Amino acid sequence: KSSLVNALAGGDVSPAGDIARPPTINPVVVAARDVDLSWLPVDAMRARVVRSNAAAVAHIVLVDCPDPDTQADSPHQPPHGLATPRAAQAGGDLATSPARPSDTNHNRDLLEAVLPACDVLLLVTTAQKYRSWSVASEVAAFAPGRPLLFVQTHASRDPDIRDDWRRELESQGFVVPRIFRLDAVEAAARAAGGLEPDAGCRELMDAIEAELAGRAARRVRRTGSLELAGWFLRQARETIAPLRKPVAELAAGVQNERIRLEGILARSVGSRLKSARAAWQRILTAEIVDRWHGGPFAMFLHTVASIGSIWPRMRVAGGGLIGRLLARQDSGPLPAGNGAWQAVEELGLSAAEVEQSRSILSGLAARARLTEPLVGRARLDEDHVALTVGMLLERTAAWLTSGIDRLVSERRGRIDGPVFRWICEALFSGLFAAVLVRAGWNFFVGHLWQGRAVDGGGFLQEAMVWVILWGFLLRWLAFARVRVGLDRDIAALVARLPEARLVDPLLTDFATAADATTQFIDVSDRLGSDHEALVSRLAEPTDGLGHLRGASS
Numbered sequence: 026k027s028s029l030v031n032a033l034a035g036g037d038v039s040p041a042g043d044i045a046r047p048p049t050i051n052p053v054v055v056a057a058r059d060v061d062l063s064w065l066p067v068d069a070m071r072a073r074v075v076r077s078n079a080a081a082v083a084h085i086v087l088v089d090c091p092d093p094d095t096q097a098d099s100p101h102q103p104p105h106g107l108a109t110p111r112a113a114q115a116g117g118d119l120a121t122s123p124a125r126p127s128d129t130n131h132n133r134d135l136l137e138a139v140l141p142a143c144d145v146l147l148l149v150t151t152a153q154k155y156r157s158w159s160v161a162s163e164v165a166a167f168a169p170g171r172p173l174l175f176v177q178t179h180a181s182r183d184p185d186i187r188d189d190w191r192r193e194l195e196s197q198g199f200v201v202p203r204i205f206r207l208d209a210v211e212a213a214a215r216a217a218g219g220l221e222p223d224a225g226c227r228e229l230m231d232a233i234e235a236e237l238a239g240r241a242a243r244r245v246r247r248t249g250s251l252e253l254a255g256w257f258l259r260q261a262r263e264t265i266a267p268l269r270k271p272v273a274e275l276a277a278g279v280q281n282e283r284i285r286l287e288g289i290l291a292r293s294v295g296s297r298l299k300s301a302r303a304a305w306q307r308i309l310t311a312e313i314v315d316r317w318h319g320g321p322f323a324m325f326l327h328t329v330a331s332i333g334s335i336w337p338r339m340r341v342a343g344g345g346l347i348g349r350l351l352a353r354q355d356s357g358p359l360p361a362g363n364g365a366w367q368a369v370e371e372l373g374l375s376a377a378e379v380e381q382s383r384s385i386l387s388g389l390a391a392r393a394r395l396t397e398p399l400v401g402r403a404r405l406d407e408d409h410v411a412l413t414v415g416m417l418l419e420r421t422a423a424w425l426t427s428g429i430d431r432l433v434s435e436r437r438g439r440i441d442g443p444v445f446r447w448i449c450e451a452l453f454s455g456l457f458a459a460v461l462v463r464a465g466w467n468f469f470v471g472h473l474w475q476g477r478a479v480d481g482g483g484f485l486q487e488a489m490v491w492v493i494l495w496g497f498l499l500r501w502l503a504f505a506r507v508r509v510g511l512d513r514d515i516a517a518l519v520a521r522l523p524e525a526r527l528v529d530p531l532l533t534d535f536a537t538a539a540d541a542t543t544q545f546i547d548v549s550d551r552l553g554s555d556h557e558a559l560v561s562r563l564a565e566p567t568d569g570l571g572h573l574r575g576a577s578s
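So in my numbering the end of the sequence shown lands on 578, straight run, no missing numbers.
No wet-lab data here; the hints were simulated from the structure.
Since the model is a prediction, treat every value here as computed from it, not as a measurement.
A hint or two may mislead.
Simulated crosslink set (DMTMM-like; lysine to aspartate or glutamate; CA at most 20 Å straight-line) [what the hints assert, rightly or not]:
hint : residue 1 : residue 2
1    : 154       : 188
2    : 299       : 514
3    : 154       : 185
4    : 270       : 547
With the hints as extra help, turn the sequences into a complete structure.
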């Protein structure tokens with residue numbers, strides 16, 4: 026490796042040889058004389074800077090890094106998404122491997138300080154070390170977003186291992202379009218002697234010139250940035266992928282449990298509304314009487330209502346929240362603690378039913394890796410009861426009040442029209458007028474004109490009884506018109522209960538977590554699509570450079 030650096034730099038800039046291992050103790054930065062290196066953290070890398078006039082480094086900054094496999098191994102695993110090298114798989118547990126003699130050095134630490142500043146990685150190996158676990162793990166850690174050049178050195182004395190090395194790299198997740206093969210020691214000697222490089226070294230220099238200089242440098246940075254973004258998105262989406270189904274199941278579970286609880290609440294509320302006929306009768310009677318004025322029949326209705334108000338009202342069937350609302354009373358202050366659950370149970374929704382639904386959702390949330398504080402426990406504590414159950418009662422009271430008002434208004438409209446009122450007034454007034462005419466005829470014609478004796482009060486008494494009965498009949502017909510189809514309208518009102526989302530407060534933590542996680546997954550899909558579109562527009566081919574599989578090419 027260091028010999029290859031010397032060959033590219035055109036002189037002896039980095040120690041090389043087999044006497045001391047490792048030959049490279051500190052990073053060596055090789056750059057042209059006119060290149061500004063202020064952007065490079067030389068001090069942090071503990072690097073030595075060497076200036077060179079060689080053509081190979083005219084457009085690049087070359088950093089000779091320490092060999093990572095000379096630092097003692099640690100339980101270091103490749104990043105998620107890259108396969109474990111076959112050599113490591115066959116080598117057993119690295120954490121228990123014997124310490125190397127040079128385990129006091131920090132070459133790997135220095136390498137990891139250098140690599141973040143690099144745009145391209147030049148990986149040099151020999152037939153003896155191309156399966157090095159340390160090298161493979163470092164390359165795997167820093168390869169995302171960085172194109173690679175692969176070089177086999179010691180070509181004059183080692184067999185050609187490029188095919189096997191390519192398979193090894195591909196098994197680790199790399200795309201390897203080309204592997205250069207040369208003898209770095211010979212190339213360094215020719216460079217020191219001012220001779221032309223051999224064919225292998227010339228191919229590498231030409232590739233550096235073609236792929237890393239001029240416009241190609243901007244292409245490498247742009248493509249590397251896209252590759253790094255794509256790698257991050259792939260890793261994130263691979264992490265999310267196992268959660269897609271559990272999150273979808275949680276969202277479906279929230280919907281199913283919401284429907285189940287709404288069904289229980291709807292059946293109970295509908296039953297209580299239908300059974301409270303006396304309360305409905307009072308509401309409808311009060312509405313009709315309050316809005317019917319200007320006529321004998323209206324006077325009759327008001328008289329009957331006034332007499333009826335003398336008797337105390339009967340207790341509304343069912344009591345509780347529904348009873349108070351049907352009695353046109355305020356829903357009152359919301360109870361706290363167990364009283365809140367008792368008020369909800371009066372609506373037909375028990376704490377056991379709610380706990381059953383939350384237990385099911387807790388299991389689904391655990392599978393989706395959603396736990397506290399994102400979601401609560403199956404059994405609501407006192408603080409959550411005050412918040413969720415109180416909100417449920419508020420929503421239910423508002424929905425019932427609105428629904429009852431709308432239902433009464435629709436039914437009142439059946440007899441609010443002038444035609445129906447005129448008919449009732451005419452029928453009642455007609456009988457009343459007939460009684461008055463008959464009484465007048467008896468007095469003026471029979472008594473005054475014909476001289477007959479005046480009839481007793483029996484006729485008027487009987488007539489008034491029939492007038493009252495006739496009024497009650499008309500009243501019954503009017504109210505019957507209002508009452509017809511009441512059960513059907515109550516059923517229609519209850520059928521709209523899901524639109525009010527009454528039980529949402531009981532499951533809001535699970536619903537919010539499922540929705541937020543679903544949106545997060547959707548955003549990851551959208552970002553993936555946006556990245557693919559961006560790659561298709563901006564990425565340019567880098568046929569001579571290797572990269573991670575699935576990255577821009």
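For each hint, the structure was consulted:
Proximity of residue 154 to residue 188 is assessed by CA-CA distance (about 15 Å); at most 20 Å being required, the pair is judged to hold. Distance hint between residue 299 and residue 514 is fulfilled; the C-alpha atoms sit about 10 Å from each other, no more than 20 Å. About 13 Å separates the Cα atoms of residue 154 and residue 185, which keeps this hinted pair within 20 Å; it holds. This hinted pair checks out: residue 270 and residue 547 have alpha carbons roughly 13 Å apart, not beyond 20 Å.
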